[in-house]
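Can you make the complete structure from the sequences, with help from the hints?
Sequence lines, in order, name chains G and H. Everything in the first sequence is counted per the UniProt record's numbering, starting at 1 for the first residue and increasing by one. Everything in the second sequence is counted per the UniProt record's numbering, starting at 1 for the first residue and increasing by one.
By construction, these hints were calculated from the structure, which means they are not laboratory data. Glycine is no exception: its CB is placed at the ideal position from the N, C-alpha and C atoms. Any given hint could be a false lead.
[Unchecked claim] Selected chain H positions facing chain G (in silico; Cβ < 7 Å):
(1) D35
(2) A36
(3) D120
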Amino acid sequence: RGCSRSTRVLFHEYSIKAAILIQRWYRRYVAHLEMRRRYTWNIFQSIEYAGEQDQLQLSSFFSFMLDNFTHMNGNGPGNKYLISHLLDSVVDPLTEEVRQLKYEQIVVPESYCGPRLSFPLSVTDTNALLSAFKEEQTLHGKYVLQLLYETKKFLKQMPNIIYLSTSYAKEITICGDLHGRLDDLLLIFYKNGLPSAENPYIFNGDFVDRGKKSTEIIIILFAFLLLYPDHMHLNRGNHEDHIMNLRYGFTREVMQKYKTHGREMLQLLQDVFSLLPLATVIDNKVLIVHGGISDKIDLDFLSTVERHKMLLKYVLFHMVIICLIQVVDILWSDPKNQSGCSPNSFRGGGCYFGPDVTQALLQKHGLCLLIRSHECKQEGYELCHNGQVITIFSASNYYEEGSNRGAYVKLGPELVPRFFQYQVSRSTRKLTLHQRVCVAEGSALRALKEKLYAHRSDLMAAFQQYDIDNTGRISTSEWAQVVESVLRLDLPWRTLRPRLARLGADGNVEYESCFEDISPGEPIPPVTPNLAETLYRYRTDLEIIFNIIDKDHSGQISIEEFRQTWKLFSSHLGVAVNDQTIDDMARSIDFNKDGSIDFNEFLEAFRVVHKLVIKEQQQG
Amino acid sequence: MAPKKKEEPKPAPAPKPPEPEPPKEPEFNPAEVKDAFQLFDRTPTNEMKITYAQCGDLIRALGQNPTNAEVMHVLGKPKAEEMQVKMLDFEQFLPIHQHICKAKDRGTFEDFVEGLRVFDKEGNGTVMGAELRHVLATLGEKMKEDEVEQLMAGQEDANGCINYEAFVKHIMAG
Numbered sequence: 001r002g003c004s005r006s007t008r009v010l011f012h013e014y015s016i017k018a019a020i021l022i023q024r025w026y027r028r029y030v031a032h033l034e035m036r037r038r039y040t041w042n043i044f045q046s047i048e049y050a051g052e053q054d055q056l057q058l059s060s061f062f063s064f065m066l067d068n069f070t071h072m073n074g075n076g077p078g079n080k081y082l083i084s085h086l087l088d089s090v091v092d093p094l095t096e097e098v099r100q101l102k103y104e105q106i107v108v109p110e111s112y113c114g115p116r117l118s119f120p121l122s123v124t125d126t127n128a129l130l131s132a133f134k135e136e137q138t139l140h141g142k143y144v145l146q147l148l149y150e151t152k153k154f155l156k157q158m159p160n161i162i163y164l165s166t167s168y169a170k171e172i173t174i175c176g177d178l179h180g181r182l183d184d185l186l187l188i189f190y191k192n193g194l195p196s197a198e199n200p201y202i203f204n205g206d207f208v209d210r211g212k213k214s215t216e217i218i219i220i221l222f223a224f225l226l227l228y229p230d231h232m233h234l235n236r237g238n239h240e241d242h243i244m245n246l247r248y249g250f251t252r253e254v255m256q257k258y259k260t261h262g263r264e265m266l267q268l269l270q271d272v273f274s275l276l277p278l279a280t281v282i283d284n285k286v287l288i289v290h291g292g293i294s295d296k297i298d299l300d301f302l303s304t305v306e307r308h309k310m311l312l313k314y315v316l317f318h319m320v321i322i323c324l325i326q327v328v329d330i331l332w333s334d335p336k337n338q339s340g341c342s343p344n345s346f347r348g349g350g351c352y353f354g355p356d357v358t359q360a361l362l363q364k365h366g367l368c369l370l371i372r373s374h375e376c377k378q379e380g381y382e383l384c385h386n387g388q389v390i391t392i393f394s395a396s397n398y399y400e401e402g403s404n405r406g407a408y409v410k411l412g413p414e415l416v417p418r419f420f421q422y423q424v425s426r427s428t429r430k431l432t433l434h435q436r437v438c439v440a441e442g443s444a445l446r447a448l449k450e451k452l453y454a455h456r457s458d459l460m461a462a463f464q465q466y467d468i469d470n471t472g473r474i475s476t477s478e479w480a481q482v483v484e485s486v487l488r489l490d491l492p493w494r495t496l497r498p499r500l501a502r503l504g505a506d507g508n509v510e511y512e513s514c515f516e517d518i519s520p521g522e523p524i525p526p527v528t529p530n531l532a533e534t535l536y537r538y539r540t541d542l543e544i545i546f547n548i549i550d551k552d553h554s555g556q557i558s559i560e561e562f563r564q565t566w567k568l569f570s571s572h573l574g575v576a577v578n579d580q581t582i583d584d585m586a587r588s589i590d591f592n593k594d595g596s597i598d599f600n601e602f603l604e605a606f607r608v609v610h611k612l613v614i615k616e617q618q619q620g
Numbered sequence: 001m002a003p004k005k006k007e008e009p010k011p012a013p014a015p016k017p018p019e020p021e022p023p024k025e026p027e028f029n030p031a032e033v034k035d036a037f038q039l040f041d042r043t044p045t046n047e048m049k050i051t052y053a054q055c056g057d058l059i060r061a062l063g064q065n066p067t068n069a070e071v072m073h074v075l076g077k078p079k080a081e082e083m084q085v086k087m088l089d090f091e092q093f094l095p096i097h098q099h100i101c102k103a104k105d106r107g108t109f110e111d112f113v114e115g116l117r118v119f120d121k122e123g124n125g126t127v128m129g130a131e132l133r134h135v136l137a138t139l140g141e142k143m144k145e146d147e148v149e150q151l152m153a154g155q156e157d158a159n160g161c162i163n164y165e166a167f168v169k170h171i172m173a174g
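Have a look at this one:
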């Protein structure tokens, strides 16, 4: 076992070479992982924005209906019923006093061991709520109704724009979108303390939808709002709106958690949301709104509008007056890097506003900073427009476990923003970076494949235009071009190609392979592939429309209503489906022949599955 | 560092496990490179520019595995303070990437395994995790502690040993 010097030197040399080799490979591995992480992010964001673009479809569908209902298929009375059914808002038969009494009289069973609120609220109540929600308890419907009712009363006296000051060297904490992520809210409170006179907060909209604990979030936020009216402030977001809630999950959550009182809660919530202030201004220098601004915004004018009438419904039905456009801009706009102000077609409302628009507005009102939310950012926050705009986003892991951090910002009297980041990690701590990237990437790619499937006919038609000799293959460039133009998603398609489609022996893309892995499950009625695709693509819109028709949210609509809705929808889209097919479909779905359809099952049938799972059809 | 007993001739290679897919040979399609370039472009106005510091990462993301020294060389040996400041646009990046692609000594699965085998004291297909960490952080183009941590996460068995062929496959597949 001699250790001669030269052996040691030689070994040292080998070691260095070996180390360098390993390090090279490792760096390549990390860079590749980073690239996957980035395109995964792009995928999620593109799909999210494209989904909101569908909202535009829905709104134009409503205006189409409004303009054309008298011309529909001559079924005068039937159609009129449908339209008015959709249009009319439920008139509240109860007066305020009667309503308040009614809630007081709701009996809470002895067996209920959750928090029992008493108004006016105290710190005991908010503490009880926080403890209860940490233990996954549900607040009894009675207290939710009372809370919403009190919140509505309170918000009625609030102005559209709230002016605050950082007096007494207090720092104000501003949080962005929460989207039903209770864990993030609890983490913020843990890190930054609960709201109080010494610890004021502003929550900048989008408290609900997407996440599963939207109800808990608004209960907590409203409770603190009532408890500390001068130190707790809520701005309205674009998701504080009943049509968005129908689409993005809040309505469903409420109905599932509160079967008895859910409907009434949703009614109250509609009022509460419409009464949320639109903006907050700190020290006359910092403007805080949920979405952004546009070149039409005038804060003085905005102070005067009747904000509780700004329901999305009015915008959809084109009863647009100048002030309404301003409200939409505040809730929906996004900053962009180029100058100017252009319509935000991806969102379906609002603008893209450039640094010049920001500069102009800030100057006009003597402000120095705009804080907004509305867009998910990987680090939880982002500055743009030369530091004049801050985006703050507080829902970590928004797209997927590990996708992004959340953040909040604190402002003291010197108005210098301090950022604090965090990330909820139930399981991320146990996962390595590699595993997290794989999970997120898998999720993104699945979502992308569903999109490919939903547009299969259009894609195939376009592919075949390039494939003149019918070989089943086209070049990577051609494939990328087709996919980009049909799906209209701005993604690095060439980089993604290996994850989506196969190459043939000649190095060209076998384009049909991008539909593999996805097949529809056994649909309940046999339908042509085209119809299945269309239904899949528009299922969210259909869901919203069905939900509107199904006013009591029971999950049942009549066959006649179904038929009429489908006809309206498909004529609007220009999809040629004949009446017989629809009728057959409608009849075959009605299993128990009682004249009504559980449309959730129907939609479920067309849900795309990744593995070929053949569902056994249980006949009830 | 205990040296090996004597200079060993290359041990007969163990029965080779199925070789992992070789890194994608880029047929040098500028369009593909452009996609990746765009992903790395962090300029607020999407100017299609990356910093010198990102250059190495981008080249690696595209499938090459140059050493840091090679990257600095091909960038013209910039000073440390220039790395975050100087920018490259796409046209400037392409020839740099091409140059690296042409480099012959890219290293295969076997080379990589060989590199690790240097630290296999007992010649049994495993290396001590602790030793590897030490080496990677102190020799060659040193890695930072958290980088080493990321690399080794989940790779060591209960005795702190790493089966390096599996390890190599893991890295090459990533």
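Hints versus structure:
1. D35: holds (4 Å)
2. A36: Hint holds; A36 of chain H Cβ to chain G Cβ min 6 Å, cut 7 Å.
3. D120: violated (10 Å)
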